[in-house]
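**Q** Using the sequences and the accompanying hints, generate a full structural model.
Protein chains: 2
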Amino acid sequence: MQSTEDRPVTTAEERSPYWSPRTARARFRAGLTGPTAGVAAGHTQANLIAVPADWAYEMLLFCQRNPKPCPVLDVTDAGSPTTVLAEGADLRTDLPRYRVWQDGELVDEPTDVRAYWRDDLVAFLIGCSFTFEWGLVRAGVPIRHVEQGRNVPMYITDRPCRPAGRLSGPMVVSMRPVPPRRLGAAIKESSLLPAVHGGPVHCGDPAGLGIADLGRPDFGDPVTVEEGEIPVFWACGVTPQAAVMASRPPFALTHAPGQMFLTDARDEQYRLVGID
Amino acid sequence: MQSTEDRPVTTAEERSPYWSPRTARARFRAGLTGPTAGVAAGHTQANLIAVPADWAYEMLLFCQRNPKPCPVLDVTDAGSPTTVLAEGADLRTDLPRYRVWQDGELVDEPTDVRAYWRDDLVAFLIGCSFTFEWGLVRAGVPIRHVEQGRNVPMYITDRPCRPAGRLSGPMVVSMRPVPPRRLGAAIKESSLLPAVHGGPVHCGDPAGLGIADLGRPDFGDPVTVEEGEIPVFWACGVTPQAAVMASRPPFALTHAPGQMFLTDARDEQYRLVGID
Chain A
1 MQSTEDRPVT TAEERSPYWS PRTARARFRA GLTGPTAGVA AGHTQANLIA
51 VPADWAYEML LFCQRNPKPC PVLDVTDAGS PTTVLAEGAD LRTDLPRYRV
101 WQDGELVDEP TDVRAYWRDD LVAFLIGCSF TFEWGLVRAG VPIRHVEQGR
151 NVPMYITDRP CRPAGRLSGP MVVSMRPVPP RRLGAAIKES SLLPAVHGGP
201 VHCGDPAGLG IADLGRPDFG DPVTVEEGEI PVFWACGVTP QAAVMASRPP
251 FALTHAPGQM FLTDARDEQY RLVGID
Chain B
1 MQSTEDRPVT TAEERSPYWS PRTARARFRA GLTGPTAGVA AGHTQANLIA
51 VPADWAYEML LFCQRNPKPC PVLDVTDAGS PTTVLAEGAD LRTDLPRYRV
101 WQDGELVDEP TDVRAYWRDD LVAFLIGCSF TFEWGLVRAG VPIRHVEQGR
151 NVPMYITDRP CRPAGRLSGP MVVSMRPVPP RRLGAAIKES SLLPAVHGGP
201 VHCGDPAGLG IADLGRPDFG DPVTVEEGEI PVFWACGVTP QAAVMASRPP
251 FALTHAPGQM FLTDARDEQY RLVGID
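Those sequence lines, one after another, are chains A and B. So that you can map any letter, position 34 of the first sequence is 34 in UniProt numbering, and since no number is skipped, the others follow by simple counting. So that you can map any letter, position 159 of the second sequence is 159 in UniProt numbering, and since no number is skipped, the others follow by simple counting.
Take the hints with a grain of salt, since some may be wrong.
[Unchecked claim] Cross-link-like lysine-lysine pairs, in silico, BS3-like; alpha carbons within 27 Å at most:
#1 K188(A) / K68(B)
#2 K68(B) / K68(A)
#3 K68(A) / K188(A)
#4 K68(A) / K188(B)
The set of hints was computed from the structure by calculation and includes no laboratory data. It should be emphasised that the depicted structure is a prediction, and the values quoted were computed from it without experimental measurement.
**A** As structure tokens, then:
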């Protein structure tokens, strides 16, 4: 589904873990595109989906009913492109790349959606697994897609989400290869952050999720799975896009998969506390 | 605010931790009333608030914006008194006691709300801290209100919730006295269950939440705080009722504080996994 046009137009070296979220948003606003994995270390990244107000209740309910793929971090007031999660940010310009959907069909992938914005749009910011990659790194888990300068691989699974009104669709997952000796740490680290998908939904054989070929992701790029590594699958915030594709609301705006919104929130804010 | 009429009409001994949720619901349907703390060990209890469909989006958004007091476990389809959380249950009859609200005023406290039910009502089931009391007991924390055969004390705090459209109001908390040597365990046990309010919002001096007198709770009954014990405050699912009182929607149905809905869900389903 993704083509080479979604490959980074800049190299991984040009995007930095040392950027503040504000700097990252400014660079993306100025036209920089590409995956945001590895950018602005320790800051929470978010998926974006904006729908017309008459679809907002069903989208919020869809998220409530499917909290693993759709953990809601913020919901904007209708028409407002601002969020409490990032001071001074404009959701219409500050992501690297967007997708525009009409009747469930992808019609454009601009770097700015001001021309598409509507006064009745309600935007949902949904947790992203890029957030816990810093914890994985600290736990000794390689982040293969960052190592390889690629977008994380994402797959449409055979697991249906629980529908909400007119919205239904399959769960989407992201995949990271994990050495068996690091599997416990990877599960623990991600489980501590349920607001960004929490622990994995599946480990091992991709067929367990109805995924036929790890080498052909539905979104993003394939990555190398080394001998002995276990593919580990986390629920993914691209799931609402799959619901848009399946349920065909008249209009929706989303981020381009892997090209997220950088919030000012720190991962620690979402980390469970009081646990040894 | 609570009077003696809300004291248990049966003794604690007449309600049993050994009941299945189905048995508990049948007893309450048959007319038994009183607090549900200590009933149906290991099963998830839920707060109820039902509002007309044209308030449902704001209620769901209010819950999303205030996840500590309002962790949503299920949302029903408009008019339906059933939930995926309890097979064969009827939300109109299966709670011990209800509250009926008109324009933000409490107008009735029946044991059955079939006469008040409307086809446009959307019911929200919200996690309840009674759920993690079993974990507290295992961790050596006394559950004073159960020991004393009373309803848990609940207090309206000076902490405002984040508003959602027409809905706003203060956070409500429940209080349990905890011996200092058990405080770590109490925090850990409850933190593992974020779907039922998670870790406490405050420990110690009640003035930190604007609570003037622990002996005069806004809902439920006072309990004894022994010498040296620390009052520990958890966010409470009565918070939506405080929002109803403050925001005055034309109509709402809720449970009576402390008299919860017993679901078939087991606490383990909501417990974070993969954490040492």
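**Q** Which earlier hints can't be squared with this structure?
**A** Structure breaks no hint.
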